[in-house]
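Can you make the complete structure from the sequences, with help from the hints?
So the chains spell out like this:
2 protein chains.
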Amino acid sequence: MKWTRTALGVALLLALVSQMTAHSSDDLVYGYECRSGFCQKVELSEENYAKAISLPVCRLFCGSSIGTLWPKPTGTVRLDTLMRQVDISFIDFNVNGTVRQQKLWRSVENRFMDMLDAQIPDRKILARGGYRMSVNINTPEEPTPARLTLETDESYILDIETDASGHVLANITATNFFGARHGLETLAQLIVYDDIRREVQVTANATITDAPVYKWRGLLLDTSRNYYSVKSIKRTLEGMAMVKLNTFHWHITDSHSFPLEVKKRPELHKLGAYSQRQVYSRRDVAEVVEYGRVRGIRVMPEFDAPAHVGEGWQHKNMTACFNAQPWKSFCVEPPCGQLDPTVNEMYDVLEDIYGTMFDQFNPDVFHMGGDEVSTSCWNSSQPIQKWMKKQGWGLETADFMRLWGHFQTEALGRVDKVANGTHTPIILWTSGLTEEPFIDEYLNPERYIIQIWTTGVDPKVKKILKRGYKIIVSNYDALYLDCGGAGWVTDGNNWCSPYIGWQKVYDNSLKSIAGDYEHHVLGAEGAIWSEQIDEHTLDNRFWPRASALAERLWSNPAEGWRQAESRLLLHRQRLVDNGLGAEAMQPQWCLQNEHECPIDACSRGGGRLGLIVLLLLTPLSA
Amino acid sequence: MKWTRTALGVALLLALVSQMTAHSSDDLVYGYECRSGFCQKVELSEENYAKAISLPVCRLFCGSSIGTLWPKPTGTVRLDTLMRQVDISFIDFNVNGTVRQQKLWRSVENRFMDMLDAQIPDRKILARGGYRMSVNINTPEEPTPARLTLETDESYILDIETDASGHVLANITATNFFGARHGLETLAQLIVYDDIRREVQVTANATITDAPVYKWRGLLLDTSRNYYSVKSIKRTLEGMAMVKLNTFHWHITDSHSFPLEVKKRPELHKLGAYSQRQVYSRRDVAEVVEYGRVRGIRVMPEFDAPAHVGEGWQHKNMTACFNAQPWKSFCVEPPCGQLDPTVNEMYDVLEDIYGTMFDQFNPDVFHMGGDEVSTSCWNSSQPIQKWMKKQGWGLETADFMRLWGHFQTEALGRVDKVANGTHTPIILWTSGLTEEPFIDEYLNPERYIIQIWTTGVDPKVKKILKRGYKIIVSNYDALYLDCGGAGWVTDGNNWCSPYIGWQKVYDNSLKSIAGDYEHHVLGAEGAIWSEQIDEHTLDNRFWPRASALAERLWSNPAEGWRQAESRLLLHRQRLVDNGLGAEAMQPQWCLQNEHECPIDACSRGGGRLGLIVLLLLTPLSA
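Just so you know, the protein sequences line up as chains S and Y, in that order.
Start counting the first sequence at 1; every next residue gets the next number (the UniProt record's numbering).
Start counting the second sequence at 1; every next residue gets the next number (the UniProt record's numbering).
Certain hints may be false.
Stated by the list, open to error - Cut-off 27 Å, straight-line C-alpha distance, at most; resulting in silico cross-link-like pairs (DSSO-like, lysine-lysine):
no. : chain 1 : residue 1 : chain 2 : residue 2
1   : S       : LYS264    : Y       : LYS41
2   : S       : LYS51     : Y       : LYS270
3   : S       : LYS270    : Y       : LYS124
4   : S       : LYS41     : Y       : LYS463
5   : S       : LYS124    : Y       : LYS270
6   : S       : LYS234    : Y       : LYS231
7   : Y       : LYS41     : S       : LYS263
8   : Y       : LYS316    : S       : LYS41
9   : Y       : LYS103    : Y       : LYS234
10  : S       : LYS270    : Y       : LYS41
11  : Y       : LYS41     : S       : LYS316
12  : S       : LYS215    : S       : LYS270
13  : S       : LYS41     : Y       : LYS263
14  : S       : LYS462    : S       : LYS511
15  : S       : LYS270    : S       : LYS417
16  : Y       : LYS215    : Y       : LYS463
17  : Y       : LYS51     : S       : LYS270
18  : S       : LYS328    : S       : LYS316
19  : S       : LYS103    : S       : LYS231
20  : S       : LYS41     : Y       : LYS264
21  : S       : LYS231    : Y       : LYS234
22  : S       : LYS231    : Y       : LYS231
23  : S       : LYS270    : S       : LYS231
24  : Y       : LYS511    : Y       : LYS72
25  : S       : LYS231    : Y       : LYS124
26  : S       : LYS41     : Y       : LYS270
27  : Y       : LYS124    : S       : LYS328
28  : S       : LYS215    : S       : LYS234
29  : Y       : LYS231    : S       : LYS124
30  : S       : LYS417    : S       : LYS263
31  : S       : LYS103    : S       : LYS215
32  : Y       : LYS270    : Y       : LYS316
33  : Y       : LYS72     : Y       : LYS124
34  : Y       : LYS231    : Y       : LYS270
Calculated from the structure, these hints are not laboratory results.
Here it is, written out as structure tokens:
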């Protein structure tokens, strides 16, 4: 390699001008230059053709020390402005010490290559040549299969350099699979397509050390109110992987439908699914769990009980108030339905449901639901009243709380039974049971994690925290992503209206919710409750807002949404390129004209007009 | 045909039971029975298998005189409860007097068959046999090509009967193509798939006379703030055709981008499109216009001016304040930009744009935009100030209104020039120009139609009406379908938040907006302004809300949304079956359990327990 940068520049300019002529009809009109820390759109001309660059390339290094990375890393970030063309036919992966996990890594590699492909609008016009690239993964050998737990260290170090022979070496070091695949995700964001040169380019030199602030970074999807195809769930997992979210909380069942195949109790899905085409078979579940694992995501099932049951439980005489009318008197939305805690055989059914879930999901944490129990529902049942009287109990609220406590104790016993005696941490929603005095009576803080769905400023949160419970935050005023639609049993808007913008999701500080107890916060989840959402609107409800949540949880940035806006615009495009129908945040004009849309945009052409010229190194022969 | 209904019943039952056994694994669990005017879900059993029916079949006749028709017809509706199996391989079309329009009718027929197909989940398991069906279209011969105008009579009569040979005859009578194809749309809604018998069935006897209340029934799509693929625009036209909406108002350009190919001015889209892949070529436009025509839809272009221009006009020196900053001082959203009315050559460019639009769209009504002109924008231009002074004008608001009036007069002259002297009706948005005293000075009520986008109760509306202008209603508080998202230049929510539910769209009475001047109301349009919407969210923003609008405009029902709810739920499913990603209104449970979800749902099993049994006639041999 004896050519100098100047000589290369001339050769490159000539090559580009001839290319420009060759493709005049669908040629590019605009490129970008980095000026005063912003990527400015410029009309391409023979004069600027060699130095103008594409938007994704420009944004990688211009004006921000973290480029276009989303979520932003929490450790060192050193990104060179030098880009190198990569020959995507010569990318190889080397994984140390994971011989036994070959299949897992092969899936990860395939996905990585798919992500690169997704950026290239037309492979036929891709310029030839470029550097070879080796991706080297350094992790100690792990037990099979890799399993994410609350103890997993998800940190990684990514180092990109060029060796003497001109190869690009991307080295990822992590203590396990999960950290390593996060590193790969970051690497993917440093590889971009330059539509001016029609090349795939990579940041030539970089060092990034990174680790998440919160360990629980999740999305909840309710597949009972409306059904979602496996394909659409996979799209969600794909979007999650792209922003290092690590928990897919699957609220599989509810009163409305029971779409899960439980091997020993096929009548549950036969009677409970909307149709036999709307069932998650054992094969479907296995597919989703594995698809998540490849993407560093735990797929955690919830079986919500004792309320939120109904369809599927017909003919068993194990429920109360199923589809009672007028529903307003017995539950929060139609159809009503609660398990009858007094029927012993009911716990056998629970055990089979839990058994399927533990068998198929192998959860490190299990969700037992526990929200919105209605006293009036249970009180409407003669057999329940009779049973309670037999125990010498009254029929007051405290008595029904005792009944609930009884249910929870029995149900937990069945969980422990199917978990072979391991005491899996249990999550419950905030409810009457998580309030004084019942919380102390029925819920052991060593065992239970509480998922908060009240508002972030509700004093109940601190009461739970000071008792020593770990919490997961899903405050509805910032993280219920189904808010803001029409009413569905009334006119007007739905109960938690208005729509929650990504800005609010981004600025939702767990620290200010937890105060002094921040160390008890495992993390947070954004939730889609599906009364008015199904797979046709799934993508745009989650994205890009779930990306905003992801950065809050991974990076917990000191800055607010304004500092993240232009980077998120670019990330939203990345989601779209990868097949996710993310909602548009702004006119495309704002993506193409950085910093011109904010309400406080100031006039351009101010003091700092320094022009950064990108040096592009391309080998003369491939 | 000598068999009796009873004998048939027995044969049918036997046939069905054997079929049930044959498909036991993915067999149906539930069917429906019509009880007390509601379709009630029942578990299928050998006892009820012969009389249980599928939901779409049940809903066609149970409890409502208009079945599942959407929008509801305005004339006579007589629907028999008798259904007949149709052999979809033997459906033939006979179109009288339209020899010269064969291609148009062939497209219509293909689409009709596609709609039937969309209902069948799996053609492989479709039961054999059924009746032949003939669709007979009776319309007088028409000039080619069929063209929708404000004078077009869209009424039709649909008559379904069976002739002596057992054929189902669907006769549609109309005075032109547009009425006839509406009749076909209604017919398509009377043909449903019965998943119990795996048959396509048609209402055996029906008479429907129908005509729209309002002649302008439209949707507006802004393709400038964000770009929409032709494919996604076609989906919109498809949804419109299904509910007899007849006007696609294409707001093609704006300040943000100029995605239209103007033959004589290719620089407009070269410089103005977001990319050269995001351009509507002449071929694209022709395709969209024809796709609309086949579906009974006029595709009306808008060229919004003198404000709302910018990208594409570079290097011409014909605009003022393009992308001026801070934008708040010069326009309502970035990027700012207005035409400079003082540059004579600018009108030549306009003429070329208008020329392309008249050539390609052949509009019977043309939209010249005219909203949100900013005085401060024009006032920021030295050349404009100079020109105005030269005319002896001041620089006060009234002077700029005069400038605007000058623009409108000149621009209209160019429209008339390209329209070969025909005085095409012109639509303008409500604006400063449509207020006193300017409206009387610059806008002739014989020539201009005013599109209202202020609120429905704004007194300005009546002031316009009493002057004799015809109006089109797009009151933003009910018909701006982009309201309710996040802010896009601020946090919080966008300017016209909250989200407008379908109920509000449905109940938006043009009569109460227009009062005594109802006869001046041509109709209404629902609008999508695309700052935060692109093709990924297009379907769910329009649907099912645009269907609610369609019924308001076609039928103008005396009843409110509650009476329409369960029918719209079913229609939303129809949209989804036809490939539109319509938003979910409710849990699927509410579709399957009619009348159990409303907040005033009363307990079932009340007084009227009359059971209507559907008689199903199927020929013994195909």
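Here is what the structure says about each hint:
Only pairs whose Cα atoms come within 27 Å are accepted, and S:LYS264 paired with Y:LYS41 is accepted, the gap being roughly 26 Å. A distance of roughly 21 Å separates the Cα atoms of S:LYS51 and Y:LYS270; the hinted pair therefore holds under the 27 Å criterion. Proximity of S:LYS270 to Y:LYS124 is assessed by CA-CA distance (about 23 Å); at most 27 Å being required, the pair is judged to hold. Simply put, S:LYS41 and Y:LYS463 have alpha-carbon atoms about 46 Å apart, too far for the 27 Å limit, and the pair is violated.
Taking the CA atoms of S:LYS124 and Y:LYS270, the gap is about 23 Å. The hint holds against a cut of 27 Å. For the given pair, S:LYS234 sits about 25 Å from Y:LYS231 by alpha-carbon distance, which is consistent with the 27 Å threshold. Only pairs whose Cα atoms come within 27 Å are accepted, and Y:LYS41 paired with S:LYS263 is accepted, the gap being roughly 26 Å. Note on Y:LYS316 and S:LYS41: the hinted pairing holds, with a Cα-Cα distance of about 18 Å set against a maximum of 27 Å.
Between the alpha carbons of Y:LYS103 and Y:LYS234 the distance comes to roughly 19 Å, so the proposed pair stays at or under 27 Å and holds. Taken as a hint, the S:LYS270 and Y:LYS41 pair is honoured in the structure, with Cα atoms around 14 Å apart against an allowance of 27 Å. With a CA separation close to 19 Å, the supplied pair Y:LYS41 and S:LYS316 stays within the 27 Å bound. For the given pair, S:LYS215 sits about 37 Å from S:LYS270 by alpha-carbon distance, which is inconsistent with the 27 Å threshold.
At most 27 Å may separate the alpha-carbon atoms for a hinted pair to count; S:LYS41 and Y:LYS263 meet this at roughly 26 Å. Annotation: proposed proximity of S:LYS462 to S:LYS511 holds, straight-line Cα distance about 12 Å (limit 27 Å). Using a Cα cut-off of 27 Å, the hinted pair S:LYS270 and S:LYS417 holds, with the two alpha carbons roughly 26 Å apart. Restraint check: the Cα-Cα separation between Y:LYS215 and Y:LYS463 comes to about 22 Å, which is no more than 27 Å; the hinted pair holds.
Of the pairs offered as hints, the one joining Y:LYS51 and S:LYS270 holds, with about 21 Å between alpha carbons and a cut-off of 27 Å not exceeded. The straight-line distance between the Cα atoms of S:LYS328 and S:LYS316 is roughly 24 Å, inside the 27 Å bound, and the hint therefore holds. Between the alpha carbons of S:LYS103 and S:LYS231 the distance comes to roughly 21 Å, so the proposed pair stays at or under 27 Å and holds. Between S:LYS41 and Y:LYS264 the alpha-carbon distance is near 26 Å, which keeps this suggested pair within the 27 Å criterion.
The suggested pairing of S:LYS231 with Y:LYS234 holds, with an alpha-carbon distance near 25 Å, which does not exceed 27 Å. A distance of roughly 22 Å separates the Cα atoms of S:LYS231 and Y:LYS231; the hinted pair therefore holds under the 27 Å criterion. Annotation: proposed proximity of S:LYS270 to S:LYS231 holds, straight-line Cα distance about 22 Å (limit 27 Å). With a CA separation close to 18 Å, the supplied pair Y:LYS511 and Y:LYS72 stays within the 27 Å bound.
Restraint check for S:LYS231 and Y:LYS124: the C-alpha separation of about 23 Å stays at or below 27 Å, so the hint holds. Restraint check: the Cα-Cα separation between S:LYS41 and Y:LYS270 comes to about 14 Å, which is no more than 27 Å; the hinted pair holds. Pair hint Y:LYS124 plus S:LYS328 does not hold up; C-alpha atoms about 44 Å apart against a cutoff of 27 Å. As the CA atoms of S:LYS215 and S:LYS234 are separated by approximately 22 Å, the hinted pair is consistent with the 27 Å bound.
With a C-alpha separation of about 23 Å, the suggested pairing of Y:LYS231 with S:LYS124 holds against the 27 Å cut-off. Distance hint between S:LYS417 and S:LYS263 is fulfilled; the C-alpha atoms sit about 17 Å from each other, no more than 27 Å. Annotation: proposed proximity of S:LYS103 to S:LYS215 holds, straight-line Cα distance about 26 Å (limit 27 Å). Proximity of Y:LYS270 to Y:LYS316 is assessed by CA-CA distance (about 14 Å); at most 27 Å being required, the pair is judged to hold.
Restraint check: the Cα-Cα separation between Y:LYS72 and Y:LYS124 comes to about 33 Å, which exceeds 27 Å; the hinted pair is violated. Distance hint between Y:LYS231 and Y:LYS270 is fulfilled; the C-alpha atoms sit about 22 Å from each other, no more than 27 Å.
Hint compliance for this structure: hints 4, 12, 27 and 33 are broken, all remaining hints hold.
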